[in-house]
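Trainee: Chains A and B supply the protein sequences, listed in that same order. So for the first sequence, this note's numbering puts the first residue at 1; every next one is plus one. So for the second sequence, this note's numbering puts the first residue at 1; every next one is plus one.
Please keep in mind that the hints were generated in silico from the structure rather than gathered at the bench. It should be emphasised that the depicted structure is a prediction, and the values quoted were computed from it without experimental measurement. Among the hints, a few may not be true.
Listed below are several chain B residues computed to face chain A (Cβ distance under 8 Å; list not exhaustive) [claimed, not checked]:
#1 51
#2 62
#3 83
#4 117
#5 140
#6 144
Examples of chain A residues toward chain B, derived with CB under 8 Å [unchecked claim]:
#7 8
#8 11
#9 19
#10 67
#11 68
#12 69
#13 71
#14 75
#15 78
#16 80
#17 85
Rough simulated footprint, nothing fancy, chain B against chain A, three-plus residues with beta-carbon under 8 Å [said to hold, decoys possible]:
#18 22-30
#19 39-50
#20 60-66
The beta carbon of each residue, even a glycine, is placed where N, CA and C say it ideally should be.
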Amino acid sequence: MGIEGYLIVSALLFGIGAFGFMARRNAILMLISIELMLNAVNLSLVAFNAFLPPDSNTGAVFALMIMAVAAAEATVGLGLVIAIIRTRQTALVDQYSDLKE
Amino acid sequence: MGAGAAVVTLRNIIHSAVAMMVCFGSLAGMYALLGAPIVAAAQVLIYLGAISVLILFAIMLTQAGDANLPAPFHRQVPVALVISVVIMGLVGWAAIQTDWGMATQAAEAAVDAIATAVFTTYALPFEIISLLLLVAIIGAIFLARRPEDDERAN
Chain A
1 MGIEGYLIVS
11 ALLFGIGAFG
21 FMARRNAILM
31 LISIELMLNA
41 VNLSLVAFNA
51 FLPPDSNTGA
61 VFALMIMAVA
71 AAEATVGLGL
81 VIAIIRTRQT
91 ALVDQYSDLK
101 E
Chain B
1 MGAGAAVVTL
11 RNIIHSAVAM
21 MVCFGSLAGM
31 YALLGAPIVA
41 AAQVLIYLGA
51 ISVLILFAIM
61 LTQAGDANLP
71 APFHRQVPVA
81 LVISVVIMGL
91 VGWAAIQTDW
101 GMATQAAEAA
111 VDAIATAVFT
121 TYALPFEIIS
131 LLLLVAIIGA
141 IFLARRPEDD
151 ERAN
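With the hints as extra help, turn the sequences into a complete structure.
Mentor: Here it is, written out as structure tokens:
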């Protein structure tokens, strides 16, 4: 499988993640979709690193950094979501309408 | 791929989380195929190990019961579908149309070379990421603290 295959899988995964982020009602599912999008970007970075420059590790290092940032983001995001759910008693984002005029 | 599609379409949130774990595992396999074993190992450790457990715990803490599952999607589904299909189409078309030159065989990324790069060329981002993780831990503890603890402290 050439680089095109990996890039197409990455594009499809990113699209699935974007769809899930925009269409799901559950806040935790939205966070999972963000993780899917970050993984898609990671996959394309590793694919570029493996195929394009013959001897360079920049892509793999960037992928590791993105994983660390994604872990931090998941921690803070889940903390926020749990705090909101504790006060609002629901996980559905379209019921968070307190700020609506 | 199929697991990724299942993540966003399944009605029960626990099933979606398990599909997400399957998706992350297959991604780790793809990293190994791409000749990046250290990234595959990190994927298994961080995503399959840490983030999946974190998300499963969050689901367990927040789902009261599975008696009446609410509708999984809200009204923006057509718009979201159009936007995501456009994203997939554009990026996939660009990936097919571009001439990638010599790209036929995946190159091996040596683990020691990656380690050297992390601790020499990218030492400053490495330290910044450690600081970011510390800030994230403190922020998560602050956010997840119960309000009654706060009152008891005062």
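Trainee: Now tell me if each hint is right for this structure.
Mentor: Quick rundown of the hints versus the structure:
{"no.": "1", "hint": "51", "verdict": "holds (5 Å)"}
{"no.": "2", "hint": "62", "verdict": "holds (5 Å)"}
{"no.": "3", "hint": "83", "verdict": "holds (7 Å)"}
{"no.": "4", "hint": "117", "verdict": "holds (5 Å)"}
{"no.": "5", "hint": "140", "verdict": "holds (4 Å)"}
{"no.": "6", "hint": "144", "verdict": "holds (5 Å)"}
{"no.": "7", "hint": "8", "verdict": "holds (5 Å)"}
{"no.": "8", "hint": "11", "verdict": "holds (4 Å)"}
{"no.": "9", "hint": "19", "verdict": "holds (4 Å)"}
{"no.": "10", "hint": "67", "verdict": "holds (5 Å)"}
{"no.": "11", "hint": "68", "verdict": "holds (5 Å)"}
{"no.": "12", "hint": "69", "verdict": "holds (7 Å)"}
{"no.": "13", "hint": "71", "verdict": "holds (6 Å)"}
{"no.": "14", "hint": "75", "verdict": "holds (5 Å)"}
{"no.": "15", "hint": "78", "verdict": "holds (5 Å)"}
{"no.": "16", "hint": "80", "verdict": "holds (6 Å)"}
{"no.": "17", "hint": "85", "verdict": "holds (5 Å)"}
{"no.": "18", "hint": "22-30", "verdict": "holds (count 7)"}
{"no.": "19", "hint": "39-50", "verdict": "holds (count 7)"}
{"no.": "20", "hint": "60-66", "verdict": "holds (count 5)"}
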